Amino acid sequence: MDLFEYQGKQYFARFDIPVSRGGAATTVDEALKVADASGYPVVVKAQVQVGGRGKAGGIKLASNAEEARLHANNILGMDIKGHVVKCVWVENASDIDEEYYASFTLDRGAKKHLLMLSAQGGIEIEVVAEKDPDAIIKLHIDPVDGLSPAAAHKAAVDAKIPAQAVAGVAKILVQLYRCFTEGDCDLAEINPLILKPTGEVHALDAKVTLDDNAAFRHPEWDEYRATEELDAREQLARTHGLQYIGLDGTVGIIANGAGLAMSTLDVVNQVGGTAANFLDIGGGASADVMAAALEVINFDEKVTSIFINIFGGITRGEEVAKGIVEALSRVTLKAPIVIRLDGTNAEEGRKILADAGIPESTLISKPTMLEAARAAVAISNGK
Amino acid sequence: MAIFVNKDTKVIVQGLTGGQGKYHGLRNQAYGTQVVGGVTPGKGGTDVEGIPVFDSVSQAVAATGADASFIAVPPKAAPAAILEAAAAGIRFIVCITEGIPAQDEAKVFNTLVRDYPKTRLLGPNCPGIISPGKCNIGITAGEIAELPQAGKKNVGIVSRSGTLTYQALYELKQRGIGVSTCVGIGGDPVPGTNFIDCLREFQNDPETDAIIMIGEIGGSAEEEAAEFIKAHVTKPMSAYIAGVTAPAGKKMGHAGAIVSGGKGTAQGKMDALRGAGVKVGNNPTEAGDLMAEIIAALG
Chain A
1 MDLFEYQGKQ YFARFDIPVS RGGAATTVDE ALKVADASGY PVVVKAQVQV
51 GGRGKAGGIK LASNAEEARL HANNILGMDI KGHVVKCVWV ENASDIDEEY
101 YASFTLDRGA KKHLLMLSAQ GGIEIEVVAE KDPDAIIKLH IDPVDGLSPA
151 AAHKAAVDAK IPAQAVAGVA KILVQLYRCF TEGDCDLAEI NPLILKPTGE
201 VHALDAKVTL DDNAAFRHPE WDEYRATEEL DAREQLARTH GLQYIGLDGT
251 VGIIANGAGL AMSTLDVVNQ VGGTAANFLD IGGGASADVM AAALEVINFD
301 EKVTSIFINI FGGITRGEEV AKGIVEALSR VTLKAPIVIR LDGTNAEEGR
351 KILADAGIPE STLISKPTML EAARAAVAIS NGK
Chain B
384 MAIFVNKDTK VIVQGLTGGQ GKYHGLRNQA YGTQVVGGVT PGKGGTDVEG
434 IPVFDSVSQA VAATGADASF IAVPPKAAPA AILEAAAAGI RFIVCITEGI
484 PAQDEAKVFN TLVRDYPKTR LLGPNCPGII SPGKCNIGIT AGEIAELPQA
534 GKKNVGIVSR SGTLTYQALY ELKQRGIGVS TCVGIGGDPV PGTNFIDCLR
584 EFQNDPETDA IIMIGEIGGS AEEEAAEFIK AHVTKPMSAY IAGVTAPAGK
634 KMGHAGAIVS GGKGTAQGKM DALRGAGVKV GNNPTEAGDL MAEIIAALG
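One line per chain: the protein sequences are A and B, in this order. One point on numbering: in the numbering used here, the residue at position 22 of the first sequence is 22, and numbering is uninterrupted. Just add 383 to wherever you are in the second sequence, counting from 1, and you've got the numbering used here.
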């Protein structure tokens, strides 16, 4: 789960990482209150999970209440690359001497934590990596050992952070590492990490991705989940506990297993169609799960055919078939189904479907993944 | 021959008294796997359909001589269960648990490397391993795996996805091609066993004549495998990579299946494998067809 900047800053604050005085606001009046409390000048920043908000006019400096009102009014409701701004972060504007970059991620290849640190911050790290790769130092950290203050200090020196900022940067690195590990982040990034004329170092931005698998030990994440940017289809899928990702195509997809679901998207694409979604119904495809899946697909107005791709390993074919028959009695579909049922007890399953008396305008059975994909795409494309 | 497991492998099931552990443990036993015990703290002395249950892995190992463990416990308990098995001297651990936090996985992996270098972990979040006719640990339906055939060419399978592992087994069964061993390494960011570990074993396994590899988007495991193949694998291979059409920045079901910052795309992985001489199919069926061609050419 990706956090908004303001949530990332609030998360940082839990780990004592210094951030600017400020707060989040969803109305102009709230924004003004926060601005008054933070002290002018303030920066009003659009909270959207997309890059380039500064260029789009989503970040503005206000030297007094009047300007703060004007900017908050303009930015709230603004459309930035398809993301409507529902919230602004207002904070006391910082004087900046220098800008650095720091992040922790998991290096999957090395199976170690990875610190990336650069004295060149404030621009995208990919740009730095391209222009001046030596300006980024990469330090692998054994997750069993963790990051010691001494190692953090050395990293700051190695990254050519100026002497007056080394201690401050090293301290924040240790705090940010704690946020990354104890806070169960996939990514904890500060860009820019700034040096102020006063000699203080602090986080001017916050980019945090949380590991959904760790949600069970972070009840405090519930509030972040409530503000996640999901479309209406994804909201509905979540209420049913389904693994669903909305896409832009016209063939609704239901498959068992993440790999098979991905593969189904690919095959639909290869035969000239476009998938409306990714949906993995997992192992035991019961009637309830199937009905919920069909309900979510049915809700998507773009869907003109539905491709159910099931390979029975643990999931047994007859269970899937019973699930579909029962689901069809509960949900009235707007688009026909093409099903490919294979693997364990597939024949019994196909027989159940055939005997259920479902008209061919509602359900067509095909023996292989490719044939089923072709049929679903042909229907979807109106052929 | 087979890789990692064989007919002599003695397996305990950690979590045998739970729903998943019981269901799959008994299925594995029914397949012919030597399931010699189970472990559930507090339930030592009981049994599950005649399989004795112990309080700890070390007790189970002492009583049964088990050398492998099948872990089917919830994500909260799985990291400790893995380390308990390793400490008790288990050499091969299969962990099917889905949903373990990445931080825990990274810690467990590096602890194993450091303190228990002789222990191999398969998974977490994997379907397990099957050597058809010899041993099946995990959730694979044994009947979809074609037995290896003496005097004919047999194939090893290594895959990151569960259902696509079954699909690969099925594609080979449809064509009557025998399987030496099929390993599902799992879709998590820090798998205990990776493609390279399996490719090395398959290359050295006299019963394996060719290899199918099934990858997916995210990370760089397939690219690293391609480098290894170029340098060390002489057996012919076909492959399939899932997720060509997956949008960037979205986790596609598996925790590790995500394209981020332009890295980990299916196209990049396919290109790398083709560069290493692997025949890459555009879907699982094509990978199966390509393997049939490879087997035919081997004669």
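These aren't lab readings, by the way, just hints derived from the structure by calculation. Among the hints, erroneous ones may be present.
[Said to hold, decoys possible] Here chain A is said to cover these stretches of chain B; the calculated rule only asks that three of the stretch's residues, wherever they fall, bring their Cβ under 8 Å from a Cβ of chain A:
no.: 1; region: 394-404
no.: 2; region: 561-575
no.: 3; region: 582-596
no.: 4; region: 623-631
no.: 5; region: 659-671
[Stated by the list, open to error] Over 12 Å on every C-beta distance to chain B, these chain A residues come out as not near it, computed from the model:
no.: 6; residue: G23
no.: 7; residue: V28
no.: 8; residue: G39
no.: 9; residue: P133
no.: 10; residue: D186
no.: 11; residue: Q243
no.: 12; residue: G357
no.: 13; residue: I364
no.: 14; residue: G382
No experiment lies behind these values; they were computed from the predicted model shown. Glycine is no exception: its CB is placed at the ideal position from the N, C-alpha and C atoms.
Results of checking the hints against the structure:
1. For a cut-off of 8 Å, the count of residues in the region 394-404 of chain B with a CB near a CB of chain A stands at 0, and the three-residue condition is violated.
2. Against chain A, the region 561-575 of chain B contributes 3 residues with a C-beta closer than 8 Å to a partner C-beta. That satisfies the three-residue criterion, and the hint holds.
3. Remark: the region 582-596 of chain B is not confirmed as covered by chain A, as 0 of its residues place a Cβ nearer than 8 Å to a Cβ of that chain, below the required three.
4. With 7 residues bearing a CB less than 8 Å from a CB of chain A, the region 623-631 of chain B meets the requirement of three and the coverage assertion stands.
5. By the rule of at least three residues with a Cβ nearer than 8 Å to a Cβ of chain A, the coverage given for the region 659-671 of chain B holds, with 4 such residues.
6. In this structure A/G23 is separated from chain B by more than 12 Å, as the shortest Cβ-Cβ distance comes to about 28 Å.
7. Here A/V28 stays apart from chain B, with its beta-carbon at least about 31 Å from theirs, past the 12 Å limit.
8. Every Cβ of chain B is farther than 12 Å from the Cβ of A/G39; the closest lies at roughly 36 Å, confirming the non-interface assignment.
9. Residue placement check: A/P133 keeps its beta carbon more than 12 Å from all beta carbons of chain B (closest about 15 Å).
10. Listed as a non-interface residue, A/D186 fails to keep its Cβ farther than 12 Å from every Cβ of chain B; the least gap is roughly 7 Å.
11. At roughly 5 Å, the least C-beta separation between A/Q243 and chain B is not larger than 12 Å, which violates its mark as non-interface.
12. A cut-off of 12 Å between C-beta atoms confirms that A/G357 is not in contact with chain B; the least separation is 29 Å.
13. Against chain B, the non-interface label of A/I364 holds: every CB pair exceeds 12 Å, the least being about 19 Å.
14. The beta carbon of A/G382 is kept farther than 12 Å from every beta carbon of chain B, the shortest such distance being approximately 21 Å.
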